[in-house]
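Enquirer: With these hints in hand, go ahead and build the complete structure from the sequences.
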Amino acid sequence: MNDLLIRRARLMDEPGTVDVAIKDGYIVAAGGGVAGSARQMVDAAGRLLIPAFVDAHTHLDKALTAPQEGAGSLAEAIEDFQRRSRNMDKNDFVDRGRRVLLMALRHGTTVMRTHITVNESLGLRAVEAALTLKEEFAGKVDLQVFAMASELEAAPAPPLQELFEEALRLGVDGLGGAPHLSERMQEWVDYIFDLAARYNVLIDFHVDETDAPSVASLEYIAAKTIQTGFQGRVVAGHCCGLAAVDEEKASRTIAAVKEAGISVITLPSCNLYLMGRRDKGLVRRGVTRVRELQAAGVNVAYASDNIRDAFRPFGNANMLEEALITAQVLQMGTPMELKNVMKMGTYNAAAAIGLKAYGVKAGNRADLVLLDATSPAEAIIGQAEKVCVIKGGRVAVRNDKKSDIII
Numbered sequence: 316m317n318d319l320l321i322r323r324a325r326l327m328d329e330p331g332t333v334d335v336a337i338k339d340g341y342i343v344a345a346g347g348g349v350a351g352s353a354r355q356m357v358d359a360a361g362r363l364l365i366p367a368f369v370d371a372h373t374h375l376d377k378a379l380t381a382p383q384e385g386a387g388s389l390a391e392a393i394e395d396f397q398r399r400s401r402n403m404d405k406n407d408f409v410d411r412g413r414r415v416l417l418m419a420l421r422h423g424t425t426v427m428r429t430h431i432t433v434n435e436s437l438g439l440r441a442v443e444a445a446l447t448l449k450e451e452f453a454g455k456v457d458l459q460v461f462a463m464a465s466e467l468e469a470a471p472a473p474p475l476q477e478l479f480e481e482a483l484r485l486g487v488d489g490l491g492g493a494p495h496l497s498e499r500m501q502e503w504v505d506y507i508f509d510l511a512a513r514y515n516v517l518i519d520f521h522v523d524e525t526d527a528p529s530v531a532s533l534e535y536i537a538a539k540t541i542q543t544g545f546q547g548r549v550v551a552g553h554c555c556g557l558a559a560v561d562e563e564k565a566s567r568t569i570a571a572v573k574e575a576g577i578s579v580i581t582l583p584s585c586n587l588y589l590m591g592r593r594d595k596g597l598v599r600r601g602v603t604r605v606r607e608l609q610a611a612g613v614n615v616a617y618a619s620d621n622i623r624d625a626f627r628p629f630g631n632a633n634m635l636e637e638a639l640i641t642a643q644v645l646q647m648g649t650p651m652e653l654k655n656v657m658k659m660g661t662y663n664a665a666a667a668i669g670l671k672a673y674g675v676k677a678g679n680r681a682d683l684v685l686l687d688a689t690s691p692a693e694a695i696i697g698q699a700e701k702v703c704v705i706k707g708g709r710v711a712v713r714n715d716k717k718s719d720i721i722i
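Sequence positions in the sequence shown follow my numbering and run 316 to 722.
Everything hinted at is true.
Straight-line distance between alpha carbons at most 20 Å, and here's what the computed EDC-like set of lysine to aspartate or glutamate pairs gives:
#1 LYS573 with ASP561
#2 LYS564 with GLU534
#3 LYS716 with GLU636
#4 LYS539 with GLU502
#5 LYS573 with GLU563
#6 LYS654 with ASP328
#7 LYS717 with ASP687
#8 LYS676 with ASP358
#9 LYS338 with ASP318
#10 LYS676 with ASP318
#11 LYS405 with GLU435
#12 LYS717 with GLU693
#13 LYS455 with ASP318
#14 LYS455 with ASP410
#15 LYS539 with ASP509
These are calculated hints, taken from the structure and not from any lab test.
Expert: Structure (structure tokens):
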């Protein structure tokens, strides 16, 4: 007997409707008229069933700390967090992170990657909190924790190196940072690659998050990825500077990114808020060249980034909301383009962070979302309710949006 049977579901890439049978946390059959009984039945009634959202770039340590006075730039937001975090204890990080993870689960995200700041003043308090949340939310939201280098003015010094190695011993899943913020960018990139190779973990950098026409760190990271054999294990977030360079340089850099097997994560909602603040007249959007990257065969995803903090005072850990923002910023509005955007927050994001057995086919993990819509376009434009969220083959969340219109 199956654990769960979803009847009459509509998939993104299949005509008509299918039945999806689930047992022991995995899809065992997906097709027309799947036979067999089940302990629990869900009638999709022709609504859209998608693999659960993957939020591949967030900052749980900073979430829900938006200052009343706001922040005017990326540098000011970084300074705000560095100042505030000195007085934050582990419980504070855990409490805020828990609230965001519950928001994310309600909105259909069952896998999240979070970048957690490591520096000498903060130590490993935020990392320890994130690892506590990873254990607490196991089976609800799978959390990947990446230690992020902060305060990059100098070269990697022994005290910070010791903190990073201890973070790896504690169990973080990977390493990152924003090396473009340092005048010693190459030293930081080399250090992270060396450490990741030594501990056999993944790499996820913040890259060229700047209004300036610069791809220096993206080019260097691509070359380093190829040199060290890290193809397929490196993610580059933001890449804003790529949008500001000339066409020849952009084309050359994108080709290098493709050769290196780097996935790119665009963060439109946050970069729209932060970038271009000193521009007059024609204000830059600060969003990378998604169309050109995809045309070259680069895997591109979108993600939430910052949620209600100094970097961005908005956000609900809602990947469908982020899909709407992404679609508008990228000017992707046709049904095919909106399906592409939906895949950027599901299949592409899963590929970026190395998820296996992901999707809505037999043999895939049963992490699914039933949307109150019949197509990706309808779901994104109408911000469809997530009727139910299924994690590990069990219904984890039920949502119901009702209105009584009385004339």
